[in-house]
Amino acid sequence: MTECSDSVLWSGLKRGDRTAFSMLYQRYVGLLYNYASRICKDRDRIEDCIQDVFVALWKYRKNLAATTSVKYYLYRSLRSRIFKTAEDHEWNLQDGVSWDDMENLIDLSPEEELMSIESGDERTRKLKKYLHNLSPRQYEAIMLRFYDEFSYEEIGEIMGANPQSIRNLVARGLLHLRQYAQFLA
Amino acid sequence: MKDYPDFDAGDLAQDESFIRWVKSPTPELESRWTAWLEEHPDKAEEVQEARRMVLAVLSEPERFPTEYQKEMMWNRVQREILLEEKPSVWQNNFLRIAALLLLSGGLSYFAFLYSQRNEAGLENSQAKSTIPEYSERVNNGKYPLKMILSDGSSIVLQPNSSLRYPQSFGSDSREVYLEGEALFDIARDPHRPFLVYANELVTKVLGTSFSIRAYENEPNVIVEVRSGKVSVFAQPTGKAVHTSDSPRREGLVLSPNQQAVYSREDARLTKSLFENPSLLIPEEEQRSFEFVDAKMGDVFAALEKAYGVEIVYDEEIMSGCYLNASLTDESLQVKLSLICKAVNATYEIMDTHIIVYGKGCTD
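In order, the protein sequence lines correspond to chains A and B.
For the first sequence, this note's numbering gives the first residue as 1, with consecutive numbering after it.
For the second sequence, this note's numbering gives the first residue as 1, with consecutive numbering after it.
Check each hint, because a few of them may be wrong.
Claimed, not checked - Heads up, incomplete: computed chain B residues facing chain A, CB under 10 Å, no partners named:
no., residue
1, Asp-8
2, Asp-11
3, Ile-19
4, Leu-58
5, Pro-65
6, Met-73
7, Arg-76
8, Lys-142
9, Leu-145
10, Lys-146
11, Asp-172
12, Leu-183
13, Asp-185
14, Ser-211
As the list claims (entries may be wrong) - So these bits of chain A aren't anywhere near chain B, every CB distance computed over 10 Å:
no., residue
15, Lys-14
16, Gly-30
17, Asn-34
18, Ser-69
19, Lys-71
20, Arg-76
21, Lys-128
22, Asn-133
Unchecked claim - Over the 10 Å line for every Cβ pair with chain B, so calculated as not near, a few chain A residues:
no., residue
23, Ser-22
24, Glu-47
25, Ala-65
26, Ser-135
27, Pro-136
28, Ser-151
29, Glu-153
30, Gly-156
31, Gln-164
32, Ala-171
Since the hints were made in silico from the structure, they are not lab data.
For each residue, glycine too, the CB sits at the ideal point set by N, CA and C.
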């Protein structure tokens, strides 16, 4: 199997190549789902929005810009759909308590244990805990920056704000995180 | 970037090169940041803190769709696209025939042709090989239903139960979805773990025999193991675990004669013995239950081996005890009662352990 670059697939899609289209779907559906579940708790809506993004991608393939970063384009389309369909957007990451509680109950493998000792164990855990006390936008911007490695310009486009305010958002989020972990622990 | 003169942990954590360094250090990044640290020894604590922040963010749980979800979404995308492109599709002979059949009530035939066409449209595509087609088998009858999957695994589906499974499995895992109750006998394939999603519980095996009871309207999900080893982990409704990162979430490991009970109300997973553990050794070996002046250590070892249980007792207290008994096809509980009576002890079953309380034997 040959690894096609995003740009090859993208131009294939613009030409109406179904194989390129389905490869793009395969490549990004997991990441998109993962991102969406951080900003929306409704699984059905996530699925609907992801479908809509890909249907629109095919439908308007001829009008797509040539040089766009594919990942960024998909994230942006997905996000705007999620918020458009959400009259009552609620910020909620946990569906009840079970997921995080389960995570904590489960034993770490020896390698993971080693890793967490190396990384300052307790402190990291505290920081992690307070991540969910940040504002939704702070949390989202931080995840896009650290996890997805988008640039501030791209995050700005995705979240509909200018790059400088995204910088501030991330900086303030990290500051809060430190303070929470320091004083509330 | 520049020199990072007044940088604190927050600034460092936002730096692209710093994030890369924490995530996946290359020799280049390594030397760059070590050099920076040597120049700024006073920032060592800030660097540590920044590292922890990045790690904390990166350890957020990931939620990926299951293969089944991916396939469902893809199918719906395909369907919508086909509808959009109606005019050209209409000229297709297949669909014209299908439409006629639809009028005469051949609905399933239409579905068949439709899927044929779908596949034709995707010729050479990755999607065909990576997204398996799922089928569903429902047992509405009164009797258990035996089915064989494409990998040779056999499954007995109990009444009022259903199983979704792909016609052929993917190359890294075998995933099925159960509603209700079924007994699984899984063909061994270490390269493709077999995963059963049932309500909030995921059961993962390499090859073994076990049963799962997971009815939508019952408070518990129960997994019982007959042979081999099985791991069980919980997940909130519908949030399937991506197979490649599943080791992180492994909950319990079950051995034969053990069961996992997942309480759906308080999301708790516990391990215990079957109510009536069965013998795990072949019949010819059962004569070892003839005990003549046997040391208790040997007696308990024989039971442990035969039933795959662990017996906990105080060796010192029991050292003066010897057993004369001929045990055959009594249940484990009866055997234990007889033995304990003979040596002046009592026993108790706690999760998967059997604890024997002895007072010692004096002759």
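The hints, checked one at a time:
Look at B/Asp-8: its Cβ gets to within about 9 Å of chain A, closer than 10 Å, so that hint holds up. Here the hint on B/Asp-11 is kept, as its CB sits about 8 Å from the closest CB of chain A, short of 10 Å. Of the supplied interface hints, the one on B/Ile-19 holds, with its beta-carbon coming within about 6 Å of a beta-carbon of chain A, less than 10 Å. Taken as an interface hint, B/Leu-58 checks out: its beta carbon lies about 6 Å from the nearest beta carbon of chain A, inside 10 Å.
Taking 10 Å as the C-beta contact cut-off toward chain A, the hint placing B/Pro-65 at the interface holds, the least distance being around 4 Å. Because the beta carbon of B/Met-73 sits about 5 Å from the nearest beta carbon in chain A, less than 10 Å, this interface hint is met. The closest approach between the C-beta of B/Arg-76 and any C-beta of chain A is roughly 5 Å, which is under the 10 Å cut-off, so the hint is satisfied. For B/Lys-142, the shortest C-beta to C-beta distance to chain A is roughly 35 Å, which exceeds 10 Å, and the interface hint is violated.
About 30 Å separates the beta-carbon of B/Leu-145 from the nearest beta-carbon of chain A, more than 10 Å, and the hint is not met. A least Cβ separation of about 33 Å between B/Lys-146 and chain A goes past the 10 Å threshold, and the interface hint is therefore violated. Annotation: interface hint on B/Asp-172 violated; nearest CB of chain A at approximately 14 Å, more than 10 Å. Residue-level restraint check for B/Leu-183 is violated (minimum Cβ-Cβ distance to chain A is 26 Å; threshold 10 Å).
About 28 Å separates the beta-carbon of B/Asp-185 from the nearest beta-carbon of chain A, more than 10 Å, and the hint is not met. Because the beta carbon of B/Ser-211 sits about 23 Å from the nearest beta carbon in chain A, more than 10 Å, this interface hint is broken. The claim that A/Lys-14 lies off the interface holds: its Cβ sits roughly 15 Å from the closest Cβ of chain B, which is beyond the 10 Å cut-off. For A/Gly-30, the non-interface assignment is contradicted: its Cβ lies about 5 Å from the closest Cβ of chain B, within the 10 Å cut-off.
For A/Asn-34, the shortest C-beta to C-beta distance to chain B comes to about 5 Å, within the 10 Å cut-off, and the non-interface label is violated. No Cβ of chain B comes within 10 Å of the Cβ of A/Ser-69; the nearest lies about 15 Å off, and the non-interface call holds. The Cβ of A/Lys-71 sits about 16 Å from the closest Cβ of chain B, beyond the 10 Å cut-off, so the non-interface label holds. Look at A/Arg-76: its CB is around 19 Å from the nearest CB on chain B, clear of 10 Å, so calling it non-interface holds up.
A beta-carbon of chain B is positioned within 10 Å of the beta-carbon of A/Lys-128; the least distance is around 4 Å. Distance to chain B confirms A/Asn-133 as a non-interface residue, since its nearest Cβ pair spans about 12 Å, more than 10 Å. For A/Ser-22, the condition that its CB be more than 10 Å from all CB atoms of chain B is violated, with the nearest at approximately 4 Å. At the 10 Å boundary, the C-beta of A/Glu-47 falls inside the reach of chain B, the nearest C-beta of that chain being 6 Å off.
At roughly 21 Å, the least C-beta separation between A/Ala-65 and chain B is larger than 10 Å, which holds for a residue marked as non-interface. For A/Ser-135, the condition that its CB be more than 10 Å from all CB atoms of chain B holds, with the nearest at approximately 15 Å. Against the 10 Å criterion, A/Pro-136 stays outside the reach of chain B, whose nearest CB is about 14 Å from its own CB. With a cut of 10 Å on Cβ distances, A/Ser-151 falls inside the contact zone with chain B, its closest approach being about 8 Å.
Every C-beta of chain B lies more than 10 Å from that of A/Glu-153, the closest at about 12 Å, which supports listing it as non-interface. Every beta carbon of chain B lies more than 10 Å from that of A/Gly-156, the smallest distance being close to 14 Å; the non-interface claim holds. Interface exclusion of A/Gln-164 from chain B stands, the closest Cβ pair being 13 Å apart, more than 10 Å. The claim that A/Ala-171 lies off the interface is violated: its Cβ sits roughly 6 Å from the closest Cβ of chain B, which falls inside the 10 Å cut-off.
Hints 8, 9, 10, 11, 12, 13, 14, 16, 17, 21, 23, 24, 28, 32, counting from the list given before, are not met by this structure.
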